[in-house]
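One line per chain: the protein sequences are P and D, in this order.
The numbers in the numbering used here rise by one with no breaks, and the one at position 257 of the first sequence is 1008.
The numbers in the numbering used here rise by one with no breaks, and the one at position 59 of the second sequence is 42.
Hint data in this document are derived by calculation from the structure and do not stem from the laboratory.
It should be emphasised that the depicted structure is a prediction, and the values quoted were computed from it without experimental measurement.
Each statement offered as a hint is correct.
Now the stretches of chain D that chain P is said to cover, found in silico as 3 or more residues with beta-carbon under 8 Å:
hint : segment
1    : 2 to 14
2    : 74 to 88
3    : 179 to 187
Going by beta-carbon spacing under 7 Å, a handful of chain D positions derived as facing chain P:
hint : residue
4    : P30
5    : T33
6    : A40
C-beta atoms are modelled at their ideal positions from N, C-alpha and C, and glycine is treated no differently.
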Amino acid sequence: MSDIAVSKNGLRSLKAFFGLLVVFLYAPLLVLFVFSFNDDSTIRFPLQGFTTQWYQDFLANPELTGSLRTSAIIAAIASTVAVLLGILASLVLVRRRFFGKSGVTAFLLSPLVIPYVVFGIALLILFKTVDVFLDQWIGVTIGLSIWTVAIGHVVIFLPYAILVLAPRIERIDERLEEAARDLGATGLRTFRSITLPLIVPAVLSSFLISFTFSFDEFAVANFVVGDQVTFPIYLYSQLRFPTLLPQAIAVAVVVFVASLGIVILAEVGRRFLERRLDVESEGSTLVPGAA
Amino acid sequence: MGLFWKSIKMSLIVSAICVVIAYPIAYFLALGTSKRKYTLLLLIIVPFFTSFLLRVAAWKFILGDQGLINSFFYSTGLRADEHPIPQLLYSQFTVMLVLGYVWIPFVALPIFVSLENLDRRLLEAASDLGASRWQAFRRVTLPLSLPGVVAAFVFIFIPTIGEYVTPSLVGGNKGFMFGNAIQDLFGPGFDWTTGAVLSMFLFGAVLFFTLVFARFLSMRQLST
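Isolated chain D (complex conformation) (with noise of 0.2 Å):
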């Protein structure tokens, strides 16, 4: 049970360090840009179209024993040969780091869209009617764009809780998640009866986030 509220933990923090990431790019791209939006918007995508796989193993080559990051303090002797950065793979940071850096991509979309169909008439109107920037942004901007950022969530929280490839490569045994309790029913472990309780709490578990989410939606679009 306490592997299941670390799980839920560490999907909650990743999905919204992504969205708290996402929202300021998928800003710029809607907002700030004219003519390239788009062409820019394909380059962050793209990534999401290359293989998942690859994508994590990139970052054990790079955080490893004799990755990128210890090689370069190896070599410029700020710290001994054999004697890597403790916790910079296989720990639960690295597994949220690994899953923030495969989902950026699509969290920025969502967002985006709902940038891209806001109204400029209402900025407009906002600072006719002498609202700063910043005011413009709280009372029209974010709750407008609001049903992408929920979405977003939503789209990199599903996937991310269920994970178990990404901690099997890159977690150890202190990345481990509820995904991986699961998977070992089915494989090692072989207990399906287990695996399919834990799998149907799993989704339970989604159904009334999503739910939540949903809800926490229509009541922000009734009160506006």
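Looking at chain P on its own, in the form it has when it is part of the complex (with noise of 0.2 Å):
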């Protein structure tokens, strides 16, 4: 079969183009997990020797973990707020016809295609309005918070639930919710023993992803975050203006490998559950009455 598509040279250029391009890929990251180690305060070369010194040092920095926890919250807060809303706005997507849909869905989805600089400062400007005009009437402001922040997330983040929840509750059998009602369940019910058990995986998959990169987002945050200081935003200032610099990349390490084994984890294990969940259900609907 790969013979019509490559010659046995092609493949093998390809295979190099490949290796070369991974190597491309990681060697960067390589080089700040090197430095995470180097016994040197300033990132630079030659490399001055081993130390797990910044490891140990950055739990002792009230301003990093202070930043860690924040952005920990705003991700948290953002991922579950945009996974819900996914899950209503999906199964509305999926299993309902109405008028604009196509409208709706592009707008739904549109978030992907407009350059977080614009929409940083769109929701800045929004946010201020809003509280010029709140002020007027009832004398109080909301501010620029980790709660602006995590507003901006909901919105980025969206559409991405949405692309993993979708495609997964259209691959539901229909004819399962649809039994669950001729029972007599109600619309809520069937949501709660049918839909939702079976669209598990691609639920916990889309908060993953979402929290990874709610967690990681700088370009927005930026302009609506105020005084307050997230994980990047910190990572940010030190790189500019560096000070306690390896700590942060030591932090960002950790980072990294966590979020690595999140992503790795959550694409297997949605791999394995979906497969379960499909044979499953495909069991039941051959055997009628078994349930």
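Two chains, each in its own frame: build the complex with the hints.
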């Protein structure tokens, strides 16, 4: 089969090219990894020797751990909301027909095609305007905080959640839901006992994807974060005006390894669970009356 | 205005180069290997899920005055100490290199999907009818994977044109992009009105380009 697409020599050179790209992608990461163990407080060559000092120090740096906590809170809020909205939106988009559906779909996915700088500014102006308005009418303001960042992240990562969830919902046999309703289940009950269990893997994986992206997001957060410090913002300031850069890199390596693990686990787990669920739901439709 | 065209040019070059590099990679994954293709794909995509800032920063440490490349040249004596290679960091080239590095994993994905969905019987038919590999590629594979290519192009063009983080870290004065001008007006410059106008302008340009590409795509589909 492959011989029609590529000749033997072609395949060999493609393989070499692939290898080169992998080196190109991972070499810079390796450099970072090396520096996180380098015994020198500025990032420069030649290397000075091995130390795990940076990994020990960052735990005692309240600014750094605080920024990690802030980022984790934002990521947790944003990804939870994005996934919940994503489930609702995907259900409607997949199961219902309504006027202007393609328009609504395009609207929901549109954050994918808005440059972050434009979106960040738009949010900033929006929050400021709302604040001016609120200040005039009831004398309170929201200000910029982790909440405004979370709102921004919900909008950005909702499309990703929909793109993961909608195809999964599409693959659920609609007759299962119909059967539940025929047996007298309410809409909510049907969702809870039939639909939700079948989409759990996709829900988890979209949650983890949103969480990792949100944890790492800088470009939009930078505009609407106010005086709070998220981890990417801390990292950015360290990169521009390094004072404790090796610590920041050490943390980043830890975050890197953690998110790597999460992504791989999520992907592998989703594949595994979905395969099992597909077999189960097929089995139950093949044997009528088995349930 | 000059800055705007410079940014457009930089983004277009980065997107084009990325697509050209990613295409053979996607082709290899989709049509060259059989069993381990998803593992290999994951290998390419994983860096995309890791810290963006960190991946940009890594290049600073590679290309900087005391970075990997320069210190290699110092230690081999090819360049005198304290005389780093000019333009290695803080130039347009650096910004484009790093942008390409950051986005390549993402570009390979849509191309891979379109090649993966290609009906292989079409290729067999082409070769049965006497087409050479190159002909089969040019007349069958390439046209059918074009939607993926255009999608990939758009997916990298949009984020790079609005980019301000990468240029501010590795661009210096020469790598300054339109996004930096906008960000400046909302930070130190503090001229929100002008900034808002510029960002609407950028948004309009992105919409225009996206529509042009989408149009190009649907015309291709109509003609085949």
